[in-house]
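> Each chain, letter by letter, is given below.
Number of protein chains: 2
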Amino acid sequence: MFRSVYLYTQSSNHKPWLPHPAPAAGMLKLLPEEHVRSLFAYDGIWLFPKNQCKCEASGHQGSYNFEDAYGQSDLPAVKVRRQAEFEHFQRREGLPRPPPLLAQPNLPFGYPVHGVEVMPLHTVPIPGLQFEGPDAPIYEVTLTASLGTLNTLADIPDSVVQGRGQKQLNISTSNRKLLNFILQHVTYTSTEYQRCRVDVVSLESKSSVAKFPVTIRLPVMPKLYDPGPERKLRDLVTIATKTFLRPHKLMTMLQSIRVYPDLTVIVADDSKEPLKINDSHVEYYTMPYGKGWFAGRNLAISQVTTKYVLWVDDDFLFNDKTKIEVLVDVLELDVVGGSVLGNVFQFKLFLEHSENGDCLHRRSGSFWPLDGFPSCVVTSGVVNFFLAHTERLQRVGFDPRLQRVAHSEFFIDGLGSLLVGSCSNVIVGHQPRSPVADPELAALEKSYNVYRTNTKAQIQFKLALHYFKNHLQCAT
Amino acid sequence: MFRSVYLYTQSSNHKPWLPHPAPAAGMLKLLPEEHVRSLFAYDGIWLFPKNQCKCEASGHQGSYNFEDAYGQSDLPAVKVRRQAEFEHFQRREGLPRPPPLLAQPNLPFGYPVHGVEVMPLHTVPIPGLQFEGPDAPIYEVTLTASLGTLNTLADIPDSVVQGRGQKQLNISTSNRKLLNFILQHVTYTSTEYQRCRVDVVSLESKSSVAKFPVTIRLPVMPKLYDPGPERKLRDLVTIATKTFLRPHKLMTMLQSIRVYPDLTVIVADDSKEPLKINDSHVEYYTMPYGKGWFAGRNLAISQVTTKYVLWVDDDFLFNDKTKIEVLVDVLELDVVGGSVLGNVFQFKLFLEHSENGDCLHRRSGSFWPLDGFPSCVVTSGVVNFFLAHTERLQRVGFDPRLQRVAHSEFFIDGLGSLLVGSCSNVIVGHQPRSPVADPELAALEKSYNVYRTNTKAQIQFKLALHYFKNHLQCAT
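Protein chains in written order, with the UniProt record's numbering: chain D, 1 to 476; chain C, 1 to 476.
For reference, chain D alone in the conformation it holds in the complex (with noise of 0.2 angstroms):
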C-alpha cells in the first residue's frame, strides 16, 4: 500500500490511492511527504495540490479566519448564499475544469494535440490528421465532435463519407492514401456561441481512440490607444486622484504636478463641498458624500482616454525625481510601482485552492529582479504611486464597496489579471501631516481623520467581503 495521501487524485473519504501493485516491494516508493514539501515550497509555503489548505500564524506571520468576521447565528446562512454564487460565477467561467484528457500509447493516428482554435459559427480546418495503422482491406475511421459539426474539403462521393456537416463524420474506404487526404482536410465548424469552450473531438478506428481539443472562443477585442505623431506624454499618461476633505493638500499636490504643464489630471472629490479649480488641464469630479475611497479610485480610473494613467494619493508631491517616463519604459508589466518618500513598499501574495475557500499568503518583498530593468523587481502588489495600462486597470478595478481604508484589495483582486512590478528610482513626495493654521481647514481636517480611522467594524466589513467576494478562507 502506498501513501499518496497528498496527491489531487485522493477520494473524498480520504482513503490513499493506490497504484498498480509493486512486483517488487521496496522498490516503486514515493518520497516522504517531509521531503516533497521541501521540494515544492516557496517562502515557506507548500505550492502543492491537497485536499485542505491552512493558514498557520508562524513567527510574526498572523493568520485570519474570515468566517470569524461573521456573526455565529449568521454564518450557515452566509455558506449558502456564497456556495450558491459561486456555483452561479464557476457554471458561467465554464468551471471547475474537466479532468485532463489523456492519451493512449500506440495510437495509430497523428492529431493536433492543442492549438485548435475557432471563433463561434466558424470553421476552421484541422490539421495533422492521420492514419497509420495497420493494412487492412477496409479502413473505417469515425470522427465525433459534440460543440460542432464535421466536414471535409476532399471531394469525395457519399459512398466513402458519411455525416458531412453533422457531429459524426465516417469514413469508410479500401485507399490508405484516399483515407488521408480525406483526414487531412477535415474541418470543424462551430455551432454554440459561448464565450470559451472546450469541444473534445474524437478520432476512432476498430479499438483505438484519439482525443483532441478544440477550443471555440472569439479573441479578446483590441482597444489600442493612439500616442499620436509626437508621442507626447500627454497623449500618453492621464493623473489619476481622489481627494477627500483635505483641499490644500490637493491644491498643493496639482501646483507640484505642473512640472509637467499640459498633462491631464482627473479629480474625484467626495467631499462636502465642491472645489473650484483653476487649471485648464484638470478635469473635476463630485460623488455623493463620503460614497468612498475606492469608488472614487474606480471614478477616476473610469475617465482616461489615454493608454497609461498615473495613480497618485492627493497628498503627494512632484519633484525632480518624479519622472514619469521611466516608468513608460517599464509598462511590459501591467502596473509599475514607484517609491514614495524612498519607500518601495512591496509585497507578493500566494493563492493555495481548496474546495471551501482558498488560502491567501501575503510576503513582504519581491519575486525576483525585472529583466532589462536594474532598479526594478516583479512582485504583486506595490505603493499607491503607479502606472499602469489603462485597458488592464480597468478590467480589474477598485471595488466601489470598499469605502473607507483598504490597499491591498485591489492587488487581491487583480490576483490572475496584473503583472506588477515596483521601480525604486523613479520618486515621488509626500507632504508631511503638519497640524493647519486655517480653522476651516483643520476643521475638514479633523473631520477626515475620523473616516480614516481602521475603525473594528470597518476591519470586520473588510474581512467578511474577503470571505464572501473572493470565495477566501483565511489568509497569512
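Chain copies aren't distinguished; within one or between two, either way the pair holds.
With a straight-line Cα cutoff of 16 angstroms, these simulated EDC-like cross-link-like pairs (lysine to aspartate or glutamate) come out:
| no. | residue 1 | residue 2 |
| --- | --- | --- |
| 1 | Lys54 | Glu67 |
| 2 | Lys79 | Asp226 |
| 3 | Lys177 | Asp135 |
| 4 | Lys29 | Asp155 |
Don't read these hints as lab results, they were simulated from the structure.
For this one, chain D is given, so just place chain C on it according to the hints.
Just chain C now, with coordinates in the frame of chain D:
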C-alpha cells in the same frame, strides 16, 4: 496540382499549397471554392480562414473602409503607429498563438493531451505519463520543459533519475515497471510569473517524441456579491443612467422608477449646472461640462455595488410592464436587453481575421432562441435598456473617448467578452419628443440637440477610432 487557395497554410505570395502528389490523379481532389463558400457561410458571410477579408456592399448593406477616415497625408504614419501599438498589445497577450502542436502516429507514450494547469510558482503532478514501447535492455527517457522544472515523487537514486528540479529530467533504467512508476509520478514546477503562458513539455525515447502543453496561469479571482438573506431586489440590482441638459426628462424618469421604491439609482451628469435631486436612493455625480456620453456611462457603472446593473436612458418611462425581476432570471448571459416601447432592436456581429485589420459584419436580428426563455434570443447587440452582470460589464466598459452619439461601439468592444440576449417581454416606455413650454428648459433642449447631432466630423472620428483602437479594416 491541387487548388487549396483558401487554406490558411497558403504562402504569402499566394502560391497554392501543394499536398502530397496524388497516386491516381483525379481521385484526390478538393471541393471547388464556391462549394466550400456555400458550406461555411453564415448570413452570407464566409466564416473560414483566409488571407484577406473583404467588406462588400450588397443589397441594403453598406460598407465602410476605416482607412478613409484619415487624411491621405496622415495615413502612412497612422498605419505605422497602429502596427506598433498592435504588436505591443499582441506581445502582452501572448499572440499570435504558435501553430498547433501535432502528435505523430504510433508514439509509444501515454501523456496528457489537454488540461494540465499550474499556477505560477506552484507544482502539479503530470497525469497519464507512461511508456509502452518495445522491450529493450535499457530504457532511456527524457522529459524537457522550458518555463518550469521537472521532478518525480518516486523515491529513486540519482543513478536512475538525473536532473531533478531542472528543465530536463533523464530516466535511465532496465526495469520497465520502475520506469513507468517514475513517469506516473512526474511533477512540473512553474518558474515564471506570467498572466497566461503555455509550456510545451516533450517526452522522448530514442527517436519517438511526444509533446504536450502545460498551461501556466492564475485563475481569475472571483468577485462575488452577497444578495443578502432575503434576496431583495435592492440588494441585487442598481439602476444606472447618464443625463445631459434634460433635467425635466430625468426627473420624470426618476419618478417613474419609484414603482420600485428603494432601488438605488446612479446618475452621471455632465450638464453645465448641477441638479438638486430629492430622493435618498439617488446617487448623483457631476462631471466636467460635456465630458461625454460614454464617459458618463463608464462613470455610472464604475459606482455599482450590486451583482446586477440595469442601464436606462434618461428619457425612459417605467410602467407596469417593466418587470426587472424577469430580466434577473435570464442572467446566465452577461447582458440581457429588453424592449423600448415594443422595439427589440437587435444585431449580430461577425468578425473575420486578416493581417492588416479585421473585417466586421453587422446584421440585424438574432442567432437563435434562448433555451428555456421563450421570449428571448441570443444576439450581439441590443437597446439601451438592459440588465447586466456588473462584473462583466465593468470589464468591458464604455470607452470615454466616445463623447457624442455612440451605441454599437460598446457591443463591438464587448465582442468575445459578453454573451448578449434580448427579451421582448420586459418593456420600458419612452418619453415623447414633444417641445417644452418652459423657456429655460427649451434653451437646454436646443443645446442638447446640437450636441446630439451626428456630425460628419464625429462620424469620421468614430470610424478612425474603429480603425486604430479595434484594429479593424472595414465593416458591412
